[in-house]
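**Student:** The task is simple: from the sequences and hints, build the whole structure.
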Amino acid sequence: QLRDLFGLLDANGNGMISLIELEEHLDSPKLEAFLKEIDIDVSEARNLFLLLDRDSDGRIDADEFLSGCLRLRGPAKSLDMQLVMRELAAQRKVMQGFAGALQAVMPEA
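Read in order, the letters of the sequence shown correspond to residues 6 to 114 in the numbering used here.
Have a look at the derived ranges for each label pair, beta carbon to beta carbon:
no.: 1; residue 1: SER48; residue 2: MET86; range: 19 to 27 Å
no.: 2; residue 1: ASP44; residue 2: PRO112; range: 48 to 56 Å
no.: 3; residue 1: PRO112; residue 2: LEU75; range: 47 to 55 Å
no.: 4; residue 1: GLY105; residue 2: GLY63; range: 37 to 45 Å
no.: 5; residue 1: PRO34; residue 2: ASP60; range: 27 to 35 Å
no.: 6; residue 1: PRO112; residue 2: MET86; range: 35 to 43 Å
no.: 7; residue 1: LEU71; residue 2: ASP46; range: 19 to 27 Å
no.: 8; residue 1: GLN108; residue 2: GLU28; range: 46 to 54 Å
no.: 9; residue 1: ALA94; residue 2: LEU13; range: 34 to 42 Å
no.: 10; residue 1: LEU71; residue 2: GLN96; range: 25 to 33 Å
no.: 11; residue 1: ARG8; residue 2: LEU56; range: 17 to 25 Å
no.: 12; residue 1: ASP68; residue 2: VAL110; range: 39 to 47 Å
no.: 13; residue 1: SER33; residue 2: ALA109; range: 55 to 63 Å
no.: 14; residue 1: VAL110; residue 2: SER61; range: 28 to 36 Å
Keep in mind the hints are simulated off the structure, nothing from the lab. Predicted model only: the values in this text are computed from it and were never measured. Built from N, CA and C at the ideal position, the CB exists for glycine as well.
**Tutor:** What follows is the structure in structure tokens.
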């Protein structure tokens, strides 16, 4: 089903989906059904594209699309959010440590 959707969105057949290609299919029943299935409103399609475009090259290849869409389905979303929050907390501690070390070396900073 996801491969079929990818094929539909890849209008020029180059194996990549651009944001323009995605936006051109926003009224597609297949795309609308898929977005509804993963609890994303059509108005958030641009944000979905930016999320799936892991390498930020302005295009989504089949791997980015399939793996990204599969991660957005079902209860894994809650788990993923918890993992992100945990990672963010760990990064915050690291940054606080750097800030403390910097202040020790440069008290006026």
